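J.: So the chains spell out like this:
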Amino acid sequence: MKARILVVDDDEALAEMIGIVLRNDGFDPVFCADGGQALEVFRSSKPDLVLLDLMLPGIDGIEVCRQIRGESDVPIVMLTAKSDTSDVVRGLESGADDYVPKPFKPAELVARVRARLRPGDQKAPETLRIADVTIDVAGHVVSRNSERISLTPLEFDLLVALARKPWQVFTRELLLEQVWGYRHAADTRLVNVHVQRLRSKIERDPEAPEVVLTVRGVGYKAGS
Amino acid sequence: MVSATKQVPEPADGPPGTAPETAARLDRPETAGPADGQPEAAATEAAAPEGQAAPSSPRGQTPLFRARIWTRRARIVTARVARLVRTGASRILPATRYLLRAVHRRWRRSLQFRTVLTTLMLAIGSFAVVGAYLSNQIANNLFQERLAQAESETRYNVKQVQDTFDGAQVTDQSSVITLVYDTLNAVEGRGSVIQRRYVFEAMPEQTKPRNRWVESRASDQLTISVIPPELRKAVQDSGKDQFWASTEFPVGTEDRPGIAVGNKVTFNGTVYELYLIYDLNTAQKTLDEIQNVLLAGAAALALMIGAVAWYVTRNVVSPVSHAAVVSEKLAAGQLQERMVVKGEDEVARLGASFNHMAASLQEQITQLATLSQMQQRFVSDVSHELRTPLTTVRMAAEVLYDARDDFDPINKRSAELLYNQVERFQSLLADLLEISRFDAGVAMLDAEPTDIVQLVSHVIEGVAPVAAEYGSEVTLNAPAGSIIVEMDDRRIDRILRNLVLNALEHGEGRPVNISVAANDTAVAVAVRDHGIGMTAAEAARVFDRFWRADPARARTTGGSGLGLSIATEDTKLHNGWLQAWGEKGRGSNFRLTLPLRQGDTITRSPLQLEPADVGPAGAVRERTMLLLETAVTEARSAPSGPDATKEQP
Numbered sequence: 000m001k002a003r004i005l006v007v008d009d010d011e012a013l014a015e016m017i018g019i020v021l022r023n024d025g026f027d028p029v030f031c032a033d034g035g036q037a038l039e040v041f042r043s044s045k046p047d048l049v050l051l052d053l054m055l056p057g058i059d060g061i062e063v064c065r066q067i068r069g070e071s072d073v074p075i076v077m078l079t080a081k082s083d084t085s086d087v088v089r090g091l092e093s094g095a096d097d098y099v100p101k102p103f104k105p106a107e108l109v110a111r112v113r114a115r116l117r118p119g120d121q122k123a124p125e126t127l128r129i130a131d132v133t134i135d136v137a138g139h140v141v142s143r144n145s146e147r148i149s150l151t152p153l154e155f156d157l158l159v160a161l162a163r164k165p166w167q168v169f170t171r172e173l174l175l176e177q178v179w180g181y182r183h184a185a186d187t188r189l190v191n192v193h194v195q196r197l198r199s200k201i202e203r204d205p206e207a208p209e210v211v212l213t214v215r216g217v218g219y220k221a222g223s
Numbered sequence: 000m001v002s003a004t005k006q007v008p009e010p011a012d013g014p015p016g017t018a019p020e021t022a023a024r025l026d027r028p029e030t031a032g033p034a035d036g037q038p039e040a041a042a043t044e045a046a047a048p049e050g051q052a053a054p055s056s057p058r059g060q061t062p063l064f065r066a067r068i069w070t071r072r073a074r075i076v077t078a079r080v081a082r083l084v085r086t087g088a089s090r091i092l093p094a095t096r097y098l099l100r101a102v103h104r105r106w107r108r109s110l111q112f113r114t115v116l117t118t119l120m121l122a123i124g125s126f127a128v129v130g131a132y133l134s135n136q137i138a139n140n141l142f143q144e145r146l147a148q149a150e151s152e153t154r155y156n157v158k159q160v161q162d163t164f165d166g167a168q169v170t171d172q173s174s175v176i177t178l179v180y181d182t183l184n185a186v187e188g189r190g191s192v193i194q195r196r197y198v199f200e201a202m203p204e205q206t207k208p209r210n211r212w213v214e215s216r217a218s219d220q221l222t223i224s225v226i227p228p229e230l231r232k233a234v235q236d237s238g239k240d241q242f243w244a245s246t247e248f249p250v251g252t253e254d255r256p257g258i259a260v261g262n263k264v265t266f267n268g269t270v271y272e273l274y275l276i277y278d279l280n281t282a283q284k285t286l287d288e289i290q291n292v293l294l295a296g297a298a299a300l301a302l303m304i305g306a307v308a309w310y311v312t313r314n315v316v317s318p319v320s321h322a323a324v325v326s327e328k329l330a331a332g333q334l335q336e337r338m339v340v341k342g343e344d345e346v347a348r349l350g351a352s353f354n355h356m357a358a359s360l361q362e363q364i365t366q367l368a369t370l371s372q373m374q375q376r377f378v379s380d381v382s383h384e385l386r387t388p389l390t391t392v393r394m395a396a397e398v399l400y401d402a403r404d405d406f407d408p409i410n411k412r413s414a415e416l417l418y419n420q421v422e423r424f425q426s427l428l429a430d431l432l433e434i435s436r437f438d439a440g441v442a443m444l445d446a447e448p449t450d451i452v453q454l455v456s457h458v459i460e461g462v463a464p465v466a467a468e469y470g471s472e473v474t475l476n477a478p479a480g481s482i483i484v485e486m487d488d489r490r491i492d493r494i495l496r497n498l499v500l501n502a503l504e505h506g507e508g509r510p511v512n513i514s515v516a517a518n519d520t521a522v523a524v525a526v527r528d529h530g531i532g533m534t535a536a537e538a539a540r541v542f543d544r545f546w547r548a549d550p551a552r553a554r555t556t557g558g559s560g561l562g563l564s565i566a567t568e569d570t571k572l573h574n575g576w577l578q579a580w581g582e583k584g585r586g587s588n589f590r591l592t593l594p595l596r597q598g599d600t601i602t603r604s605p606l607q608l609e610p611a612d613v614g615p616a617g618a619v620r621e622r623t624m625l626l627l628e629t630a631v632t633e634a635r636s637a638p639s640g641p642d643a644t645k646e647q648p
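Residue numbers (numbering that gives the first Met the number 0), protein chains in the order written: chain A, 0 to 223; chain B, 0 to 648.
Excised from the complex, chain A in its bound form (with noise of 0.2 Å):
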């Protein structure tokens, strides 16, 4: 089955050749070119992906990114022309997974997009702890007190990527590898930010962590 992605852009040209790409490389796209109407084209067409500008008519894109991601869990990779850490981390902050900068190559895109779909589903029956928290991860739940905690697919893999090895110390780095699917150095603010999202959601206390420790200077761990 072809996964449908959903391209928000109000650039036409940029629309129409990511579309060709995309359909090149054997996903099913879908256009919006208003940020007004992005919400209702994604829910009619209910994408496994979303591609979205931040600069859109209508409502810009930081804002769609939150609705979208205030109703699902579906990924979603921005595409920024501003590399200002100021756009990049707001865009990260409001719900957004990774993002692709302008200018993009189209194999850069399109590995952007594969890491995001990786299919989870064929995952072994697996129980795994941190702290207080419960990790079912072939049935994608992470609960503590048997009470269900909501996060996206990618918070998901970020904290099982940090429970199966509690004992190791990862870096920015090799999270980026691991959970993103980086394969050179990226932008370590990512894994700084989806950390913020991910204790914002597990941890009783975020200003307190956990769950999901920092070590100075190295990265991030497990807790115990």
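Among the hints, erroneous ones may be present.
As the list claims (entries may be wrong) - Beyond 12 Å from chain A on every Cβ pair, some chain B residues (computed):
1) P249
2) A477
3) Q597
Said to hold, decoys possible - Sample of chain A residues at the chain B side, in silico, Cβ under 8 Å:
4) A12
5) I19
6) A80
7) P105
8) D135
9) G216
Hints listed in this document are in silico derivations from the structure and should not be mistaken for laboratory results.
Quick caveat: nothing in here was measured; it's all calculated off a predicted structure.
We put the beta carbon where it would ideally sit given N, CA and C, even for glycine.
Could you slot chain B onto chain A? The hints should help.
T.: Then chain B, alone, in the frame of chain A:
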């Protein structure tokens, strides 16, 4: 210290002058006296040790006893000060030094303090001058008054004594002695207080000593020694004239200042010197009191003047210091700060023009800030507007490029050219936007503690394909396995990638050596190639925008010409140094030095800029470098630096 002065011009005839005559004569020098003025009196005092009864101003005596008192006071004060200094020097000295330094600091920093202190000093100085003059005048007058009284009294008494003696019946010695003594005692005056003391002495070298029934006699315990020899000589040498001199005589245990007035009396053919001594103690006491009052008055006045000066300067200075405070706030960026303007005086004008200046400054700065914001907006907009179509073009070019094998040779080559030039255009645009971000001042440092050795390893891994293309080997010399540096890893990665790519491009296929070393405050990464190198002039320009060592040389890696400029800006953002060394035909060395912690200053780089494998003599001559920060002293000492790490061969 005594000068006897001849009282009056001596008349040629022998007989003693009558009382009215004497009084008249007395008056003359008195009235003539003041015209002589003060300086002459001082001169008399200075000349006094010569001791001759030279005729001069009759008021020479006045400063004498006062000077004596002052000398005594000064001696006491000196002794006290000396004792204080001796006992407490070690303890007081640091405190004094601290106090002096504090006063000096106040003096430099406070206009008000300086003005008040200066006013006080000047006031005290003026009071000292005026006070000295006044007390001198008063002392003089007191003395003159007493002197006039003493002279007239003496004349009268001497006449009395002489009359008594002249009319005496000389019978036997004892009655004569009684007569003389009674006469002399009468001179002392009646009442419990002695009005004048006398010293009665037979003139030496008398022809008829056997007729001298009365030798000498004096009041109290006085002896002839209290009479200054100059006075005696003057009295002895003259005829019947009256002379005077200042003296000191003992009463009880103390020495009192006095005036001795001398004349001759004859008794029974024997000539005697008769000196009458008048006590100046009461005059001295009055003088002392007056001086005390003057001193107290001066002190009170000085304090009042100080207070007035403080008040007045406060009124003048407080607007000025207000202005200083306001301008400091303005300088600190609080552009809305203004001075309070009251009235229409000079201070108000200052305030008004200051406010005017501040307003125009604020306007200009706001305008600049708006311009800067517009510039930033523009850069940001251009970034977006250019990148979106460029993305489309790039993707299209890549699709064509990927399918080029299906094209005929012309179209295939076109697709390749399109693809390569779009890539180049893209990197040029990226660099331009990066530079304009630095120019707009919006580049922010996102520093975190990171291992720089690991980062260098990543860079080497990243450039491995390029290195293989050039056939160069990239080696790493990092004795310390890990060095944690507070840095923005994206920017440092960009700098190092740029340096290594440059080294590969100009390395002629020879090895490129990378060294990493740290000291207490800084870490250095040196990238050394052994390729074509560069001259001094080239090394000086290597960080300039769009500069090329050799315009004719093909740019194979497709650099934009902005790489090293961006690296420079990135380094500046870290407060680091980026320096280049080169020698034609012997390669070049680029050294990046960063502070270990942001906010630290680099004192010296852990690595030397000039490679150790280059001969020192030639190297010094050919050595070239560019200093980005104020690293002149460090760079000069770098070649012989003790902590310089020797590079790999």
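J.: For each hint, tell me whether it holds in the structure or not.
T.: Now for the hints, and whether the structure bears them out:
1. P249: holds (95 Å)
2. A477: holds (17 Å)
3. Q597: holds (14 Å)
4. A12: holds (5 Å)
5. I19: holds (7 Å)
6. A80: With Cβ-Cβ at 4 Å, under 8 Å, it holds.
7. P105: holds (5 Å)
8. D135: Where the cut-off is 8 Å and the nearest Cβ of chain B is about 34 Å from D135 of chain A, the hint is violated.
9. G216: holds (4 Å)
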